[in-house]
Each structure stands twice: as structure tokens, then as C-alpha cells.
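S.K.: Sequence:
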Amino acid sequence: MKVIKNVALAQDAKGREMIVFGKGIGFPATPYELADLSAVQRTFYDVDEKYFDLLRDVPQEVFLAADDIAENARDELNCPLNPNLTYVLADHLNFAIQRCREGVALQTPLAYDIRHLYPQEYELAHTALKALREQLQVDLPENEAISIALHIITAEAEVGDMHATMLTTKVISEISDLVEEHLQIRLDKDSFSYSRFAMHMRYLVQRMMEGKALNGDDGMQAMLRTMHREYPDVYACVE
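Take 1 as the starting number for the sequence shown in UniProt numbering and just add one per residue.
Any given hint could turn out to be false.
Claimed, not checked - For each label pair, taking beta carbons as the anchor points, the in silico distance ranges come out as:
hint, residue 1, residue 2, range
1, 230, 126, 38 to 44 Å
2, 72, 111, 35 to 41 Å
3, 72, 184, 14 to 20 Å
4, 79, 184, 33 to 39 Å
5, 84, 185, 38 to 44 Å
6, 139, 234, 32 to 38 Å
7, 178, 72, 33 to 39 Å
8, 77, 230, 46 to 52 Å
9, 48, 195, 17 to 23 Å
10, 52, 219, 52 to 58 Å
11, 177, 119, 15 to 21 Å
Rather than coming from a laboratory, the hints here were simulated on the basis of the structure.
Even for Gly, the Cβ is constructed at its ideal location relative to N, Cα and C.
Produce the entire structure from the sequences given, and follow the hints as far as they go.
M.R.: This is the structure:
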């Protein structure tokens with residue numbers, strides 16, 4: 001293996017470029033041949049060059065912790081995630097750790113809604129905080145779980161955009177408030193029914209943002225007419 005840059009950019013035997021992490025790798029003058037491959041702890045292929053500066057700035061232990069969080073999310077959510085999740089998380093965690101050591105606290109928007117709309121992602125993020133305490137001896141505040149969860153949620157979405165994720169969450173929260181106010185009810189946000197409702201809204205908003213909103217067929221129109229007749233209050237709320 002030939003190490004060709006100090007960010008541990010390497011080439012394998014087939015000439016494919018990859019990022020390599022391992023003790024002492026990248027410190028000798030480059031390029032050089034790495035004979036002892038047992039020194040390699042982790043490799044990353046197809047890394048966009050825009051992340052090279054990040055690899056220089058973020059401590060290796062923080063980057064590897066971020067990769068562990070991303071891998072755990074992929075395993076537990078059982079769905080494809082944006083391959084850049086590791087790099088985005090590493091960048092976020094690096095600044096979060098610096099803020100924590102400097103005593104700088106940030107408010108996290110939509111915290112309540114994230115916990116209820118995305119319980120699995122929030123639980124993964126909460127587990128990540130515990131792992132960071134053990135691996136890096138850094139005690140990040142609890143609200144950092146919301147930020148980590150947001151990055152995981154964004155990596156799930158096709159749009160892959162943090163602004164879109166937060167906007168979707170805000171829309172669902174406002175619609176929930178409207179339903180409670182219009183129908184004079186209290187939604188149980190811990191219930192399975194609300195989870196299904198929120199999931200439908202999530203994908204509806206995502207389709208609309210992508211210009212893929214579904215057109216109603218004859219069956220849907222018939223269902224709407226029935227709802228209008230039998231559930232006028234609900235129909236008015238939907239409108």
C-alpha cells in the first residue's frame with residue numbers, strides 16, 4: 001500500500017484511492033510504501049476531496065467515534081443512509097466537543113418533536129452520547145442527542161438536507177397543533193397511531209418538496225366524499 005498524502009490518502013494494490021486510519025500512518029514523508037498492513041484500523045473508499053480538510057482538522061478518535069455511530073445507525077435502521085454521514089457527524093462532534101470544553105451551550109430547536117416523531121433515531125443518538133462518554137471521556141449535554149438524531153434523520157431522507165429535515169419536522173408539529181385545536185382533542189404522541197400519522201405526514205411533505213405529490217384517483221375522491229359526509233369536522237380540519 002502506498003501512502004501518498006498526510007491526510008492518510010492511500011492507494012490499494014489496484015490503484016484505488018482510499019482514506020486510511022491507523023497508528024502512525026501518515027506521519028512519515030509521503031509518498032511511501034506501507035508494508036505493515038496490520039497498522040490499518042479502518043479504510044474509507046470514494047471520499048470526496050471536500051472532506052480532506054476535515055480529515056486534517058478532526059482528531060482521529062473523534063472521526064472513528066463518528067463512524068461507529070453511523071455504522072450503528074445503518075445496522076439498527078436497516079435502511080440505506082447517505083454515505084457522507086460519518087464525515088458530517090465527525091465535523092459536528094468536533095465542534096460540539098470544543099463548545100462543551102469552553103462551556104458554550106446552544107439551544108436545540110424542535111427537541112420535543114424530534115423525540116416523538118423520530119423515537120428510533122433519537123434512541124440511537126442517546127446511545128451515541130453514552131458511547132462518546134466511554135470512548136472519548138467527554139460528557140456532551142443531553143440536547144446534543146437531538147443534533148445527532150437530526151443528522152441521522154437527514155441521512156435517511158432522499159433530499160439529505162438538514163434544512164429540509166427541520167422544515168418537515170416543523171410542518172408536522174404545526175399540523176399536529178392545528179388538529180388538536182380544531183378538533184379539541186389531545187394527541188397521544190407516544191402512541192402507535194400518532195407514529196403512523198407522523199410518518200404519513202413526513203413522506204407527504206417530502207414528496208411535495210420534491211414535486212412528487214400524488215394525484216387523487218377515483219377511489220380517493222370517493223373516500224373524500226364519504227369523509228365529507230360522515231366526518232364533516234375532520235374533513236374541515238383536513239382542509
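S.K.: None of the hints should be skipped; say for each whether it holds.
M.R.: Going through the hints against the structure:
The hint said 38 to 44 Å for the Cβ distance between residue 230 and residue 126, and at roughly 42 Å that hint holds. Under the hint 35 to 41 Å, the C-beta atoms of residue 72 and residue 111, about 22 Å apart, miss the expected range. At about 42 Å, the beta-carbon gap between residue 72 and residue 184 misses the expected band of 14 to 20 Å. In this structure the supplied range 33 to 39 Å holds for residue 79 paired with residue 184, their Cβ-Cβ distance being about 37 Å.
Between residue 84 and residue 185 the beta carbons are some 41 Å apart, a value that agrees with the proposed interval 38 to 44 Å. Between residue 139 and residue 234 the Cβ separation comes to about 47 Å, which falls outside the hinted range of 32 to 38 Å. Taking 33 to 39 Å as the suggested C-beta distance range, the pair residue 178 and residue 72 conforms, at roughly 36 Å. Take residue 77 and residue 230: their Cβ atoms lie about 38 Å apart, and the range 46 to 52 Å is violated.
At roughly 35 Å, the beta-carbon separation of residue 48 and residue 195 lies outside the given 17 to 23 Å, and the hint is violated. Between residue 52 and residue 219 the Cβ separation comes to about 53 Å, which falls inside the hinted range of 52 to 58 Å. Distance hint check: the CB atoms of residue 177 and residue 119 are about 19 Å apart, consistent with the given range 15 to 21 Å.
Of the hints listed earlier, those the structure fails to meet are numbers 2, 3, 6, 8, 9, in rising order.
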